[in-house]
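S.K.: Going down the list, the protein sequences come from chains X and S.
The numbers in the numbering used here rise by one with no breaks, and the one at position 234 of the first sequence is 234.
The numbers in the numbering used here rise by one with no breaks, and the one at position 293 of the second sequence is 293.
Take these hints with a grain of salt, some might be off.
Capping the alpha-carbon separation at 25 Å, the derived lysine-lysine pairs in PhoX-like fashion look like this [as the list claims (entries may be wrong)]:
no., chain 1, residue 1, chain 2, residue 2
1, S, 301, S, 194
2, S, 194, S, 228
3, S, 47, S, 228
4, S, 151, S, 47
5, S, 93, X, 194
6, S, 194, S, 151
7, S, 16, X, 78
8, X, 194, X, 78
9, X, 78, S, 47
Below, a sample of chain S positions facing chain X; criterion: calculated Cβ distance under 7 Å [what the hints assert, rightly or not]:
no., residue
10, 85
11, 99
12, 218
13, 222
14, 226
15, 228
These are calculated hints, taken from the structure and not from any lab test.
We put the CB at the ideal spot given by N, CA and C, even for glycine.
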Amino acid sequence: MKAASKPYLLAAPLVLFLTLTFGLSFGYEISGLTLRHFLAVLWNRDFVVSLVATLSVAAVATLVSNVGGAALAFAMLKARVGGEWVRHILQLPVIMPHLVVTVVVFHIFAQTGVLARLTWWLGFIDDPNQFPLMVFDHFAIGIMLVYLYKQIPFVAMVCFDSLRGISHRFGDVGENLGATPWQVATRVYLPLLKPTLMATALITFAFAFGAFEVPFLLGTPLWRTLPVEAYLLHINIDPDAQARSMAINVIISAISLGLALVYSSALRVVSHVRHSDGERP
Amino acid sequence: MARITLVGVAKAFNDKQILDRLDLDIENGELLALLGPSGSGKTTLLKLIAGLDTPSAGRIKFDGSDVTLVSTRHRQAIIVFQDHCLFPHLTVKENIAFGLRARNEPRATIDRKVGEILEVVQLPGRQNSLPHALSGGEKQRIALARACVLKPRVLLLDEPFSNLDVNLRLSMREFVVSLQRVLKLTCVLVTHDKEEAFVMAERVAVLLDGRLEQVDTPENLYDRPKNKKVAEFLGEANFFPGVVADGVFTCALGSFATPWQDTRQAVGMVRYDNVQLGRHTGNTLGKIKDKVFAGRYTFYKVALAAGGELMASCKESFTLGDAVYVSCADHAMQVYSTP
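Chain X with its partners taken away, still in its complex shape:
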């Protein structure tokens, strides 16, 4: 590929994307620049519900996976474990495809799954249908289980590597000065881990926010996440629906881009102190 043509080829999907969302389509009987598909999406109640649901699921998954992952990394540091075998155990969920984990979660936690049948067989419930709804449920428990299964080890691995790069003696020094392990974690290690956690939070949020297959397979019929909503509109034969699908994709991309910008700005603020004249006001 010639270097001169590379930027145009890279920008081509974006151009195509935008032309479709603003009404310039190929092969459809709609034409002309318009914002009506965006407005139609933004004024649609289902879109608002989807947006709130998607943000909520992504936020909860991000919060729990980062808190859980950081806590696991601290525990590993404290217990002085972290050898090759521990890394392999943590890598396993990370490299396992989401689709496989989704199927596993379905087979274990659905009302027809292993746990439901086991509890029924053990006599804890009279019928497998009495097993709590954990898949296709309103609170997205099944979706969350998939995200957490993959994201907690990912965050733990990244945080553990960062913690190992931070002198382990900070912990000794902190406790020697009279701090409790909690104080050492929150006043020493957590602030030092802030840039790493910001990065893992962005990655986990972006993934949960943009994921399609997990909420599509395990989500409740009562509400849909934005990627699922976009997909269902996309396979609709109505050309307007396809344009709205593209509009939703643009909105998802815009939110993701906005988050990336917020992240880079926040990182600049965090690192600014270290690279300034060394004085804090």
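Given chain X's structure and the hints, the job is docking chain S onto it.
M.R.: Using the frame of chain X, we list chain S on its own:
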């Protein structure tokens, strides 16, 4: 401050004995140097006293109370590490206040104590600086301030000057000694630098291969090392094999009085600066074989007429090939029995 007592303290890692049944008393307000080569167990012992590790055997007492199993958090034996270990994300003030905040002291008290200790370490006005903006000496002072502001029972210094350049090291030594005297701290200084130990400490404990070989004043340690191992470690020593008979040790350098009346094989030790070189009188004859000028002294390698060589340091000037008389005072010759 506290009196530290170690009773049979031992430490092993994976069946390897690092410290072997140490007994040691450190007086209230004393500055004791723990001197030994790398890997001798100095830092391990410091960590045991600080409570950052537990001994495999033995007891550690502060003022007679057993603190062996007291956590480092409650022991009040604060350690200052070689690389300072200042928290990089905290300002000087926050670093110093760290221990006070952990104790939940009121903000006004913390501000006052931080201000006072910054005056003591002569760094007022640096409280808003971050560690990376400080020089090596300033970092060391802040690390000391962070420890001293807690008024510890024991201050433990783990090779605190080894990362500093020579001039800064000298001024920091003086600074720490004066700080220790002003605050009346019981202080243990770990070092592999014998000069540093001699200059700073009231007593020096020599730790070799996990054993305390000698605990003594710098003068005694230098002039009268307890055994050949200590003498060798402290350096600048000549050794002469010989024989003891009827209270006299005889070697290539001459005959010297000893308290032993029996007959035995022995080795004599004399320090370079206790060897006297003269042009006209002396015990034995030799020839200047080599010389190295080292500022205040010149080191000479002398080939003895009776066989063997020795090193001497003196201010007199000789040239290569000069014939010299070599002698040594009775009290300067240390004699050790050989197995």
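S.K.: Run through the hints listed earlier and report the numbers of any the structure violates, in increasing order.
M.R.: Violated: hints 3, 6, 12, 13, 14, 15.
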